[in-house]
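Asker: Build the complex: two chains, separate frames, hints provided.
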Amino acid sequence: GENVEQHPSTLSVQEGDSAVIKCTYSDSASNYFPWYKQELGKGPQLIIDIRSNVGEKKDQRIAVTLNKTAKHFSLHITETQPEDSAVYFCAASIGNDMRFGAGTRLTVKP
Amino acid sequence: GAVVSQHPSWVICKSGTSVKIECRSLDFQATTMFWYRQFPKQSLMLMATSNEGSKATYEQGVEKDKFLINHASLTLSTLTVTSAHPEDSSFYICSASLGGGYGYTFGSGTRLTVV
Chain V
1 GENVEQHPST LSVQEGDSAV IKCTYSDSAS NYFPWYKQEL GKGPQLIIDI RSNVGEKKDQ
61 RIAVTLNKTA KHFSLHITET QPEDSAVYFC AASIGNDMRF GAGTRLTVKP
Chain X
1001 GAVVSQHPSW VICKSGTSVK IECRSLDFQA TTMFWYRQFP KQSLMLMATS NEGSKATYEQ
1061 GVEKDKFLIN HASLTLSTLT VTSAHPEDSS FYICSASLGG GYGYTFGSGT RLTVV
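For the record, the sequence lines run as chains V and X.
Numbering-wise, the numbering used here puts 41 at position 41 of the first sequence, and it's gapless, one number per residue.
All you need for the numbering used here is the position in the second sequence, starting with 1, plus 1000.
It should be emphasised that the hints constitute simulated quantities derived from the structure, not laboratory data.
Quantities reported herein were computed from a predicted structural model and do not represent experimental measurements.
A virtual CB, placed ideally from N, CA and C, is assigned to each residue, including glycine.
Just so you know, nobody snuck in bad clues.
In silico DSS-like cross-links for lysine-lysine, where the CA-CA straight-line distance does not exceed 25 angstroms:
#1 22(V) / 37(V)
#2 42(V) / 1020(X)
#3 37(V) / 109(V)
#4 58(V) / 109(V)
#5 22(V) / 109(V)
#6 1020(X) / 1055(X)
#7 1041(X) / 109(V)
#8 42(V) / 22(V)
#9 68(V) / 22(V)
#10 1041(X) / 22(V)
#11 1041(X) / 37(V)
#12 68(V) / 37(V)
#13 1014(X) / 42(V)
#14 1014(X) / 1064(X)
#15 1066(X) / 1020(X)
#16 58(V) / 22(V)
#17 1041(X) / 42(V)
#18 57(V) / 37(V)
Non-contacting residues of chain X with respect to chain V, defined by C-beta distances greater than 10 angstroms in every case (computed):
#19 1018
#20 1027
#21 1029
#22 1054
#23 1070
#24 1072
Same shape as in the complex, but just chain X (with noise of 0.2 angstroms):
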């Protein structure tokens, strides 16, 4: 089946260094992949839509600035937390669409935690 891979499961930095996430469809190709924030005992939001070739699409309230954003082939995006603080501590989840109308795959996540 279609399987993402996220990486690193758990990371930490101190306090204005930047942190790469990286998000793999193993498998097979992923045009559009979206990056997720997870607070504790929380839903998913929605952080960003990234496509392949383009310039990801923020939602409403995130600093594109900040949450760097590259899908710069059909299997690989990365998210890069720039100049990190604590509040940007979470749980961050990327997943790929399938197409077709066939979903998403999810990542396994990346636990951030700024110090």
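Chain V with its partners taken away, still in its complex shape (with noise of 0.2 angstroms):
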């Protein structure tokens, strides 16, 4: 079945940086890649997604980009802002076969 790695696990930056997550999947029939923001004692919010026939997507200050030949996707956020903190989680699924990665908690220091 598919497998989803993502690092890293914790990131800490500074308020107006940028923050990068990445994954990996391992089944290339894979077509859907969600990225999820969960914030403490809330279920995961969808905040951007990407399909197989898709490199980049861009959503204001957040992009994320897919590369089907080395099978990883990666999460940017630009201009980080405190209330970027949270646990970032992405995933990757065919058809109803959804699988996510471990998730990456960010900080945004003010």
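Answerer: Structural data, given as structure tokens:
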């Protein structure tokens, strides 16, 4: 089955700096790659996603890149703000079969 | 947008009792819903896939007789933790498939504490 690895497990940046989180997946058939943000005590919220026929997608300060050949995808957050502090999960899916990375705890220091 | 409502948000129960958690899709029909368990500072662990009108599919190692799942309608799935024990204390999260490869929407989670 699909295996998703996510790095780093923790990331601390200064406010205004950029943050990058990377994930790799094992099943080349995966075709949908969402990123979720989870705040303490809450359920994950979708922040951005990308499909296998697209190499990059951007939404304001958030961007995701996908390299199908290498089977890795990354989340980029620019101009980080303290409210970006949360746990971020990547995922890879084929149809309804979605597997999650272990998560990255991002801390943005003011 | 697609909203999934999960209730209760937290519950405390005594050992040996059962607890039911509800997951509702508010503005869309979800033929497939998912139940996850999350331990502190860990990722989401898929427990089971709930399909409307049929039996749930459980992941390896998840006791189906302990975690009863019912998906009786296109907008409601329930997870019942039977004969709860302190080790069942955890954060339980549901999600619903939007279908057509549009991913999942998650509920807000339920914090279960068994005393």
